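Protein chains: 2
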Amino acid sequence: MADQKTPHDLPDVSGLTVAVLGGTGDQGRGLARRLAMAGTEVIIGSRSAERAQAAAEGLDTGPAVRGADNAEAARAADVVIVAVPWEGHRELLVSLEDALADKIVVDCVNPLGFDKKGPYALPVEEGSAAQQAEAVLPRSRVTAAFHHVSAVVLLDPEVDEVDLDVLVLGDDREATDIVRALAARISGVRGIYGGRLRNAHQVEAFTANLIAVNRRYKAHAGLRITDV
Amino acid sequence: MADQKTPHDLPDVSGLTVAVLGGTGDQGRGLARRLAMAGTEVIIGSRSAERAQAAAEGLDTGPAVRGADNAEAARAADVVIVAVPWEGHRELLVSLEDALADKIVVDCVNPLGFDKKGPYALPVEEGSAAQQAEAVLPRSRVTAAFHHVSAVVLLDPEVDEVDLDVLVLGDDREATDIVRALAARISGVRGIYGGRLRNAHQVEAFTANLIAVNRRYKAHAGLRITDV
Chain A
1 MADQKTPHDL PDVSGLTVAV LGGTGDQGRG LARRLAMAGT EVIIGSRSAE
51 RAQAAAEGLD TGPAVRGADN AEAARAADVV IVAVPWEGHR ELLVSLEDAL
101 ADKIVVDCVN PLGFDKKGPY ALPVEEGSAA QQAEAVLPRS RVTAAFHHVS
151 AVVLLDPEVD EVDLDVLVLG DDREATDIVR ALAARISGVR GIYGGRLRNA
201 HQVEAFTANL IAVNRRYKAH AGLRITDV
Chain B
1 MADQKTPHDL PDVSGLTVAV LGGTGDQGRG LARRLAMAGT EVIIGSRSAE
51 RAQAAAEGLD TGPAVRGADN AEAARAADVV IVAVPWEGHR ELLVSLEDAL
101 ADKIVVDCVN PLGFDKKGPY ALPVEEGSAA QQAEAVLPRS RVTAAFHHVS
151 AVVLLDPEVD EVDLDVLVLG DDREATDIVR ALAARISGVR GIYGGRLRNA
201 HQVEAFTANL IAVNRRYKAH AGLRITDV
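In the order they appear, the protein sequences are chains A and B. In terms of our numbering, the first sequence opens at residue 1 and continues consecutively. In terms of our numbering, the second sequence opens at residue 1 and continues consecutively.
Quick caveat, the hints were computed from the structure, so don't treat them as lab data. All values reported here derive from a predicted model rather than from experimental measurement. There's no promise every hint is true.
[Claimed, not checked] A few chain B residues that don't get close to chain A, going by computed Cβ distances all over 10 Å:
no.	residue
1	E57
2	R90
3	D102
4	R139
5	P157
6	D163
7	G194
8	H220
9	A221
10	G222
11	I225
[To be verified] Using C-beta positions, here's what the derived DEER-type ranges look like:
no.	chain 1	residue 1	chain 2	residue 2	range
12	A	E161	B	E126	34 to 42 Å
13	B	R139	A	G39	53 to 61 Å
14	A	D160	B	G39	39 to 47 Å
15	A	A76	B	D227	30 to 38 Å
16	B	V94	A	A135	33 to 41 Å
17	A	E174	B	D115	20 to 28 Å
18	B	E126	A	K218	29 to 37 Å
Cβ coordinates follow ideal geometry from the N, Cα and C atoms, glycine included.
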């Protein structure tokens, strides 16, 4: 009996349904695409069910993705990825508090500003987008992940392996393990525990640094965690 | 004539002298050790010249490292690494403003707190330790780097290759290129441009996440930047 658990053990998430709110944007469509390619049932959520359905049909993943309005998508899913613009983040989550009750919520929103000097992190009253989600969704299991994945890479049919680790943050061990397992279904990706939710700000803000790297090196930079 | 420059081109830094302030601590000794092993002339700085000299003599790098008080170390160096505890960071730099004039300063300080839930980022009035250095050292060329290197790894004689990228931040291109080149002299390490100094906070704070990773995975985690 080899039931000794290691930090790398992952639960079976093959039967879970994932909703992607804001799934008509590039980041949302990219995540929906990669998760569906991995065999996960995915629902793209949007304010408009029609636009959600159109985005789903526009993906090259066949019938594995469907569209719905945000509330219906949230209710039908086990895990809900929040990939909406920072503007409107709070309002959307407040409006979905009931639909998101008891769900695992995965916030991947990066509150960033841009000026002549490039990208920078916006201050967030709650500390981070993920902590804002936690504050307005007291009945949900809030995690944070998928901050650094390039939408261009996710949507690129020439890219078979996505070369980065997804850092998964949260205070609910079972929830972060499930999100790590979902991330790991994407070819090339590892899902690595990245700390408690109170340490989400710097992971979100670090996206500004990766954008600066991308500009300097003409790259789609990501992170790998060494010695893990 | 192949004088086309790429973002990976690095200047020759073999003739530069590096001081490590706070060089009697583990992080400072580790950086001094690795830079000296790479052939760089290194001066360990401390409040006490005697303790600095003792720390230098305690390294396994031979006569390539010597000790001095912080001001003398700073004056004798081209590049000055600030590896002091966050407590006292501002006061030390204020006291060395003249000695650090015109020098390239490399801040590697991580303002972190610890409680029962583990590590977390401390708020910094100036935004980050690096920006505090910039504010109190108007005549210096302030950069930020070496935040994520494990002192244990740096000091471990069994480790030949340090498996991580050093992110170098700053607004002075020549200065960040020199620091990148110094980092790249350490076996296994790449020096990667990581953005402007205003984006230093999240790099410093991310050390809290790496500590959380280390605890979960029993590792000495570092970062690699992919696609660069």
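Hint check results:
1. E57: 30 Å, holds
2. R90: At roughly 21 Å from the nearest Cβ of chain A, R90/B sits farther out than 10 Å, so the non-interface label holds.
3. D102: 24 Å, holds
4. R139: Nearest chain A Cβ is 22 Å from R139/B, so the label holds.
5. P157: 17 Å, holds
6. D163: 5 Å, violated
7. G194: The claim is violated: G194/B sits with its nearest Cβ about 5 Å from chain A, within 10 Å.
8. H220: 5 Å, violated
9. A221: Per Cβ check, A221/B is inside 10 Å of chain A; nearest 5 Å; violated.
10. G222: Its Cβ does come within 10 Å of chain A, the nearest being 4 Å, so this is violated.
11. I225: 5 Å, violated
12. E161/A x E126/B: 34 to 42 Å: Given range 34 to 42 Å: holds, Cβ gap about 41 Å.
13. R139/B x G39/A: 53 to 61 Å: This hint holds: roughly 60 Å between Cβ atoms.
14. D160/A x G39/B: 39 to 47 Å: 41 Å, holds
15. A76/A x D227/B: 30 to 38 Å: 35 Å, holds
16. V94/B x A135/A: 33 to 41 Å: 38 Å, holds
17. E174/A x D115/B: 20 to 28 Å: 23 Å, holds
18. E126/B x K218/A: 29 to 37 Å: 32 Å, holds
Violation of the numbered hints given earlier is confined to hints 6, 7, 8, 9, 10 and 11; the remaining hints are satisfied by the structure.
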